[in-house]
Amino acid sequence: MALDKNGIAKRIAQELQDGYYVNLGIGIPTLVANYIPEGVDVILQSENGLLGIGPFPDKGKADADLINAGKQTVTAIPGAAFFDSATSFAMIRGGHVDLTVLGAFEITDKGDISSWKIPGKMVKGMGGAMDLVASAKNIIVATTHTDRAGNSKLLKECTLPLTGVQCVKKVVTDLAVIDITENGFKLIERAPGVSVEEIVAKTEGRLIVEGEIPEMNI
Amino acid sequence: MALDKNGIAKRIAQELQDGYYVNLGIGIPTLVANYIPEGVDVILQSENGLLGIGPFPDKGKADADLINAGKQTVTAIPGAAFFDSATSFAMIRGGHVDLTVLGAFEITDKGDISSWKIPGKMVKGMGGAMDLVASAKNIIVATTHTDRAGNSKLLKECTLPLTGVQCVKKVVTDLAVIDITENGFKLIERAPGVSVEEIVAKTEGRLIVEGEIPEMNI
Amino acid sequence: MNKIVNNAKEAIAGITNNMTLMLGGFGLCGIPENSITALVESDVTGLTCISNNAGVDDFGLGLLLQKHQIKKMISSYVGENKEFERQLLSGELEVELNPQGTLAERIRAGGAGIPAFYVPAGYGTEVAEGKETREYNGKMHLLEHSLVADFAIVKAWKGDAYGNLVYRETANNFNNMMASAGKITIAEVEEIVPVGTLNPNEVHTPGIFVQRVFKGENLEKRIEFVTEKQ
Amino acid sequence: MNKIVNNAKEAIAGITNNMTLMLGGFGLCGIPENSITALVESDVTGLTCISNNAGVDDFGLGLLLQKHQIKKMISSYVGENKEFERQLLSGELEVELNPQGTLAERIRAGGAGIPAFYVPAGYGTEVAEGKETREYNGKMHLLEHSLVADFAIVKAWKGDAYGNLVYRETANNFNNMMASAGKITIAEVEEIVPVGTLNPNEVHTPGIFVQRVFKGENLEKRIEFVTEKQ
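Chains as they are written, first to last, in our numbering: chain Z, 4 to 221; chain X, 4 to 221; chain U, 797 to 1026; chain Y, 797 to 1026.
Treat the hints with care, since some could be wrong.
[Stated by the list, open to error] Simulated crosslink set (BS3-like; lysine-lysine; CA at most 25 Å straight-line):
| # | chain 1 | residue 1 | chain 2 | residue 2 |
| --- | --- | --- | --- | --- |
| 1 | X | Lys62 | Y | Lys1017 |
| 2 | U | Lys805 | U | Lys867 |
| 3 | U | Lys979 | Z | Lys120 |
| 4 | Z | Lys64 | U | Lys1017 |
| 5 | Y | Lys1025 | X | Lys8 |
| 6 | Y | Lys867 | X | Lys124 |
| 7 | Z | Lys124 | U | Lys868 |
| 8 | U | Lys979 | X | Lys172 |
| 9 | U | Lys927 | U | Lys954 |
| 10 | U | Lys799 | X | Lys140 |
| 11 | Z | Lys140 | Y | Lys799 |
| 12 | U | Lys927 | Y | Lys927 |
| 13 | X | Lys64 | Y | Lys1025 |
| 14 | Z | Lys64 | U | Lys1025 |
| 15 | U | Lys979 | Z | Lys127 |
| 16 | Z | Lys13 | Z | Lys189 |
| 17 | Y | Lys799 | Y | Lys954 |
| 18 | Y | Lys799 | X | Lys127 |
Worth flagging that the hints you see were computed from the coordinates, not collected in a lab. The structure displayed is predicted, hence computed values, not measured ones.
Work out the full structure: start from the sequences and follow the hints.
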């Protein structure tokens, strides 16, 4: 059965390693924070100037000066630090963030990503997404495998304006965990009860399937 | 009579305007701080990371963490700020410092300056001098008019390695106040009792002398 | 040295039509509220505004958009604003979108006297159109240019008469860099403190970058998305 | 997350011959004393040291020079050191002198992922030799490149187990930028404080830049020129 948003987040959380500094994008990526494995100590970076995002504030305790990159009120953990946007992107551009998780409209088998603009329809801007994908050492995309109309989001070429080229390393969808290799997408795991055939059918880009594909353990 | 170091500093202090941020180099320029005119409020910048240099500390109060760019122990005025070297040179390079006063080995009638290296003899390095001369809005050089051997330091061309080109705006020496114009040095004032003839004789670069040259009022 | 002025109206004196302004803030967090209100009341028009975001329809820069005072925006994210989207799609408003880190660095560079620098963000995308590219460390980079403004308007938590500023939490964001990149920088602060009371080790923006300081009155500090524990 | 190690010897583990190091400090102010002693004791050699200054003959980097552990210095001012001058004039030591602001910015750029940038400092001088030039705003600029190091060794006042650092007065200088530009950054601190005690608004170097923290023991904090009121 296809995973829901929380299932995708839970699987991505397994990629976290102790000591990681992690930037979580808006949407499904934000949910990853709810599933950080026991014993794994990670610090969350928010590109608007916070290292050490804490949980949402208690009722009535929201602070207008303390928000995340999605403009939601948050808290700061003990040991947090605040800084300006130039310093924040020095962290990102300088490769100091260990893992970036973000959403996407489309991903290609070369690791290209489209995530910020639907011409004539949505003109919100790229925010920090282009900086993140251009500089992160390790980028995981969290997305549904297909769009609402059932079209694959894992393509040969992006049809929408690009956010970055050849940067995504791994995709976790509601159906599968897929690595991006020199030879295209490579199926690593499938969602519980989802068949390899379904994944193949719903992946438009080149997809390598080698040997037995295990189910995710979530 | 030729001015001594303090005289030169005193004359330069007359160039300070209320509200100026000023960077004073090592040597004679440092002495300028002792002659800031009454009612003129200036803030001194030190390129090692201090805005608001105060007087030398009281006896026994020297603090190893609080030095100026000449590595002398200083104090910080109320309202001072400390910062790192990148921020310090952002102030300098970004044109936020109103006036820079520094010493020189040689100056040309085009505003070129040599101040940091005597080949085969002195290899201390340029420190912040090249950054300062390349970016200051207003640079005054404090120097003796001639070297110890009596050779002019106000030249057509520098003989020593350059610190910067076409940057010096004014020179205050033990003999004269000289502006640097498109047509070369221009004599503005002479030290009390010093003749125009002496200044002309001791200036190798092009020197414009127009009309009556007043004595400095110090 | 006293940089304190009485109010927002005095602070924005000299801002005239067709000038370029920088305005601090991320979303509605850390925006100079009183200054924006004064700009709305001033009827100044034809502005180029450099600001990470464009406010919401009825708050922040949205107020200037509604009165058509802005000719061009240089931003990274302009969602959450229907009037903005309408003016953009109709061609009334010119918009230059920058990757957020590139925008932040262009502003820092403007304040720091660095006219241009290379970054990897945007290579291979429409952001790269018309830009010089160069390979460094096996990766393609774009040459980006600095930004400066006629006036930078920032919001700080505390400020003194010398212009020293301290920000609170994530309300720093673009304010610190912008303070350095205005020919004239205006700081709207929540509290004016006597000179000498800010710890010099803890000043975020040294006063050399700031020309005018005033106390913001009746700050709303609106929250865009109040999110609390369930 | 605990980045605290026991002492300087543990902190410098992994520094091997011919590596590039950054060492914080301006003159003798804000230098990592224990770390330098540990390097002297380690007998590591062939080092390239990026440091604004080179210490004095018997303190700071002068100690590494005396033992000929340094192959090359990248600095802005190296006066006050006779052994340095001797090695330089004899050709034993390679020296690259940078304008101080350019050096500071090259280090910041290294930490911030900016491979190259333009500055006016040094145009028309021997510093410009072999460098690309370009005119911006009617003024010639040089293209300068970023610096990174295998290890950056900085000195801070307070630090915590997450690597957050606070500097004191002018002992910040090059330390803050260098902390961001080391593949591994070691912070020698005067005081280790419990996580959560540093005010997050007042952290100078956020912990993400720092990999190891240790408490410097018996710091001499030597003053180069004690100057007092007459």
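For each hint, the structure was consulted:
no.: 1; hint: X:Lys62 / Y:Lys1017; verdict: holds (18 Å)
no.: 2; hint: U:Lys805 / U:Lys867; verdict: holds (22 Å)
no.: 3; hint: U:Lys979 / Z:Lys120; verdict: violated (34 Å)
no.: 4; hint: Z:Lys64 / U:Lys1017; verdict: holds (14 Å)
no.: 5; hint: Y:Lys1025 / X:Lys8; verdict: holds (19 Å)
no.: 6; hint: Y:Lys867 / X:Lys124; verdict: holds (22 Å)
no.: 7; hint: Z:Lys124 / U:Lys868; verdict: holds (20 Å)
no.: 8; hint: U:Lys979 / X:Lys172; verdict: holds (22 Å)
no.: 9; hint: U:Lys927 / U:Lys954; verdict: violated (40 Å)
no.: 10; hint: U:Lys799 / X:Lys140; verdict: holds (21 Å)
no.: 11; hint: Z:Lys140 / Y:Lys799; verdict: holds (21 Å)
no.: 12; hint: U:Lys927 / Y:Lys927; verdict: holds (21 Å)
no.: 13; hint: X:Lys64 / Y:Lys1025; verdict: holds (10 Å)
no.: 14; hint: Z:Lys64 / U:Lys1025; verdict: holds (10 Å)
no.: 15; hint: U:Lys979 / Z:Lys127; verdict: violated (30 Å)
no.: 16; hint: Z:Lys13 / Z:Lys189; verdict: holds (20 Å)
no.: 17; hint: Y:Lys799 / Y:Lys954; verdict: holds (14 Å)
no.: 18; hint: Y:Lys799 / X:Lys127; verdict: violated (38 Å)
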